[in-house]
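Participant: If you want the building blocks of each chain, they are given just below.
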Amino acid sequence: DAKTTQPPSMDCAEGRAANLPCNHSTISGNEYVYWYRQIHSQGPQYIIHGLKNNETNEMASLIITEDRKSSTLILPHATLRDTAVYYCIVRSTGANSKLTFGKGITLSVRP
Amino acid sequence: SAVISQKPSRDICQRGTSLTIQCQVDSQVTMMFWYRQQPGQSLTLIATANQGSEATYESGFVIDKFPISRPNLTFSTLTVSNMSPEDSSIYLCSARTSGSSYNEQFFGPGTRLTVL
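If you're matching them up, the sequences are chains F and R in order.
What the first sequence shows, in the working numbering, is residues 906 to 1016, in sequence order.
What the second sequence shows, in the working numbering, is residues 652 to 767, in sequence order.
Since the hints were made in silico from the structure, they are not lab data.
Glycine included, C-beta positions come from ideal geometry on N, C-alpha and C.
Some hints could be false.
[As the list claims (entries may be wrong)] Subject to a maximum C-alpha distance of 27 Å in a straight line, what follows is the list of computed DSSO-like cross-link-like pairs (lysine-lysine):
#	chain 1	residue 1	chain 2	residue 2
1	R	658	F	1003
2	F	1003	F	957
3	F	1008	R	716
4	R	716	F	957
[What the hints assert, rightly or not] Okay, the calculated bits of chain F under chain R, using three or more residues with CB under 8 Å as the criterion:
#	stretch
5	917-924
6	963-969
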């Protein structure tokens, strides 16, 4: 069973920030929050991950609440090419841990 | 980062036949995985491909239906055996590299299988 819950869909205007929420209330202390996205007809693409501190890279920012029970992925300036399904996943860093996908959230960026 | 390629990219097969999908990674990786994505659905893990030993299958998947090989650290195959229309899906290969602090996992482009 997926350990995260996400709204099924959301949209935003091109050029605006897209804030994608994720709940992971049962997250364990050794589990990271990962975000992947899947653009239509492609394999999933890694975006960002974090443990408890906020993280930023060239693609996005990840804001994790202090209690770690939820997080938000922020795409600062969404473009039409950001239209995709975004998956929030929790996974431990153990050698045999697995990446388990939930249903994700479909982000539609409108012109 | 690792680049993953899969062959074939797509195929249309007849019921009762088998198809072998190849996955090649451009660098040595510690773990390789096979996922299935049925139409309109999310990804489901089929198995972990273990180098030099039998694959580890997830609940609901069996070796007779989805035999997997991994002869070295950069290559794996998945066979979909005795196919039926219900096997029509996208099959994705995935790999996890070593040496990074968080063991980033990469995905291939997928193989789109249609069974008639």
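Participant: If you count the residues of the stretch 917-924 of chain F with a beta-carbon closer than 8 Å to a beta-carbon of chain R, do you get 3 or more?
Facilitator: violated (count 0)
Participant: Mind checking the alpha carbons of residue 1008 of chain F and residue 716 of chain R for me, to see if they're no more than 27 Å apart?
Facilitator: holds, 25 Å
Participant: Check the hint pairing residue 716 of chain R with residue 957 of chain F against an upper bound of 27 Å on the C-alpha distance.
Facilitator: violated, 41 Å
Participant: Checking one constraint from the list: CA of residue 1003 of chain F to CA of residue 957 of chain F, max 27 Å. Satisfied?
Facilitator: Given that 27 Å is the threshold and the Cα spacing comes to 20 Å, the pair holds.
Participant: Three residues minimum, CB to CB under 8 Å: does the stretch 963-969 of chain F make the cut for coverage by chain R? Let me know.
Facilitator: violated (count 0)
Participant: Please verify whether residue 658 of chain R and residue 1003 of chain F have alpha carbons no more than 27 Å apart.
Facilitator: Holds - the C-alpha atoms of residue 1003 of chain F and residue 658 of chain R are around 24 Å apart, at most 27 Å.
The earlier numbered hints that this structure contradicts are 4, 5, 6.
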